[in-house]
Amino acid sequence: MKKTNISRTQFYNISQLRINYWNRLKVDSHALNVNNLSNSKQEEIKNRVKQLIDELTNIESYFAIPGTVRLKSISNLFHSEEYSSLAYKINETCKQLVGNKHNLVNDPLADDEMDLTLIEESENIVNSRRNHFDVLLIDNITEQEEIDLKKSYKSISEKGDNFTYDIIIQKSFQDALIALLFNHSIQAVIIRFAPNFHSKRISDNIAPYVNSIKKYDFTQQDETDLGPTLGDLIKKIRPELDVYYVTDTSLSKLKDSTLKCFKRIFYQSEDIQEMHLTILRGIAERYETPFFKALVDYSQKPTGVFHAMPISRGNSVFKSNWINDFGEFYGRNLFLAETSATTGGLDSLLMPTGPLKRAQEKARDAYGSLNTYFVTNGTSTANKIVLQALVKPKDVVLIDRDCHKSHHYGLVLAGAYPVYLDSYPIQEYSMYGAVPINHITDKLLELKESGRLDKVKMLLLTNCTFDGIVYNVEKVLLNQT
179 MKKTNISRTQ
189 FYNISQLRIN
199 YWNRLKVDSH
209 ALNVNNLSNS
219 KQEEIKNRVK
229 QLIDELTNIE
239 SYFAIPGTVR
249 LKSISNLFHS
259 EEYSSLAYKI
269 NETCKQLVGN
279 KHNLVNDPLA
289 DDEMDLTLIE
299 ESENIVNSRR
309 NHFDVLLIDN
319 ITEQEEIDLK
329 KSYKSISEKG
339 DNFTYDIIIQ
349 KSFQDALIAL
359 LFNHSIQAVI
369 IRFAPNFHSK
379 RISDNIAPYV
389 NSIKKYDFTQ
399 QDETDLGPTL
409 GDLIKKIRPE
419 LDVYYVTDTS
429 LSKLKDSTLK
439 CFKRIFYQSE
449 DIQEMHLTIL
459 RGIAERYETP
469 FFKALVDYSQ
479 KPTGVFHAMP
489 ISRGNSVFKS
499 NWINDFGEFY
509 GRNLFLAETS
519 ATTGGLDSLL
529 MPTGPLKRAQ
539 EKARDAYGSL
549 NTYFVTNGTS
559 TANKIVLQAL
569 VKPKDVVLID
579 RDCHKSHHYG
589 LVLAGAYPVY
599 LDSYPIQEYS
609 MYGAVPINHI
619 TDKLLELKES
629 GRLDKVKMLL
639 LTNCTFDGIV
649 YNVEKVLLNQ
659 T
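Those letters in the sequence shown? Residues 179 to 659, by the working numbering.
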């Protein structure tokens, strides 16, 4: 069979490539369902469909939904030439992927594959609540052990749980890293066994999106150390995740570095329920929103209003004969949440000590910054604050002339000197692109010749224009160092 090149376009990330493959599979599967194709044309489309299914099977192995089970079901329909059922199933999958739905319900056209349907029900049908995430489990287990393990986790899930999750199992060091790069629904990781290092699923089409993991070469490391090494690495590439370690080694014999890099360490003898409850507790801690919770609690208090604001927790609106439709439009909670500094309120933006402070601390941890402060006046005010924090009077700032006006106002407030940069015109589309790298370099050389290079404190560019032009920020920075 002649192999067709199905991926000549480079996409920005694997998600775009994945959706593109599914959409192409949808188009080709519908074409196969048409009866008036010539033999040569049908053969050409069948070759493409086979390659797309193979490539998607690779990609979907890093996702819980639709996952490899659904691809196996689709592959069976294709090989049995049930093109009507094939087109239907692929079309439904595409709709659910675009809608980011977690309840892939099996369709009635899958009656001939009852075993696969039962597996899909045990692996793919999850609660449609929005608080859904994936858990990555790393262990070198058999396919049957994998199915049994997933069933065990699902069996202990309760309808009243605030969160639901699916288990994704990877069997190699590299595959675990790839899953973390590809799948941002992964919010917790369980390392049960130090896996073999190399992945066997990196195809030519996936390879461009996993270049960043090539620098991590631990092929010479003892396999027993790969688990803690992987845990430490996850903290560097996805620091927000909860990482758990399952081991037979006694606590006293584990290295201090191992103890520090995991949120909790389990022993093989501990049951799945304990792990399940620990995962949910960890997600609940990260899901907590101190300021919003305080606001909700405040809105439910019978608070008397004596300050100058005229809304009075909605009383002046809902009791009015003229503007109660205004209240109906926005809803009662908006007015019940009314607060101000004069009534005690929730916290102080200038000197937070309560829920606002805890919320800023959680945001700090999420961003990995030293400190995070909230701004309530919008992005324009935030831009002015950043500029005044980073530059002082008489500093020089290289600034894209097309930047938002708040940046220019910020320079005026900071007393800094702008050196304006001009983006290049794209005549064909009557729009402007980015600032050329050589233009930035020329300006820096001019400043160097005039003895002012040491005054340059900032390069300010509009990273993404309204016309969809996006900078390669890394390339811009490397060319200026």
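Keep in mind that the hints are not guaranteed to be accurate.
[To be verified] Ranges between beta-carbon positions, derived for each pair:
1. Asp-632 with Ala-567: 18 to 28 Å
2. Arg-542 with Leu-512: 43 to 53 Å
3. Thr-320 with Lys-441: 37 to 47 Å
4. Val-474 with Thr-397: 47 to 57 Å
[Stated by the list, open to error] Within a straight-line C-alpha distance of at most 27 Å, the following computed BS3-like cross-link-like pairs (lysine-lysine) qualify:
5. Lys-431 with Lys-413
6. Lys-583 with Lys-535
7. Lys-414 with Lys-583
8. Lys-535 with Lys-572
9. Lys-328 with Lys-431
10. Lys-621 with Lys-583
11. Lys-438 with Lys-392
12. Lys-378 with Lys-393
13. Lys-441 with Lys-535
14. Lys-471 with Lys-329
15. Lys-349 with Lys-219
16. Lys-621 with Lys-635
17. Lys-479 with Lys-438
By construction, these hints were calculated from the structure, which means they are not laboratory data.
Think of the CB as a built atom: it goes at the ideal place given N, C-alpha and C, for glycine as much as any other residue.
Evaluated hints:
1. Asp-632 with Ala-567: 18 to 28 Å: For Ala-567 against Asp-632, whose Cβ atoms are near 20 Å apart, the range 18 to 28 Å holds.
2. Arg-542 with Leu-512: 43 to 53 Å: Check failed, 29 Å falls outside 43 to 53 Å.
3. Thr-320 with Lys-441: 37 to 47 Å: Between Thr-320 and Lys-441, where Cβ atoms are some 28 Å apart, the hint is violated.
4. Val-474 with Thr-397: 47 to 57 Å: Since the Cβ atoms of Val-474 and Thr-397 sit about 52 Å apart, the hinted range of 47 to 57 Å holds.
5. Lys-431 with Lys-413: 22 Å, holds
6. Lys-583 with Lys-535: 31 Å, violated
7. Lys-414 with Lys-583: Judged against 27 Å, a Cα distance of about 36 Å means the pair is violated.
8. Lys-535 with Lys-572: It is violated: about 34 Å lies between the C-alpha atoms, which goes past 27 Å.
9. Lys-328 with Lys-431: 31 Å, violated
10. Lys-621 with Lys-583: 22 Å, holds
11. Lys-438 with Lys-392: Holds, at roughly 26 Å.
12. Lys-378 with Lys-393: Between Lys-378 and Lys-393 the Cα gap is close to 17 Å, so the pair holds against 27 Å.
13. Lys-441 with Lys-535: This hinted pair holds, its Cα atoms lying about 24 Å apart.
14. Lys-471 with Lys-329: 34 Å, violated
15. Lys-349 with Lys-219: Distance ~39 Å between Lys-349 and Lys-219 Cα, so the pair is violated.
16. Lys-621 with Lys-635: 14 Å, holds
17. Lys-479 with Lys-438: Given pair Lys-479, Lys-438 is violated - Cα atoms ~42 Å apart, limit 27 Å.
The structure fails hints 2, 3, 6, 7, 8, 9, 14, 15 and 17 (numbered hints given earlier, in ascending order).
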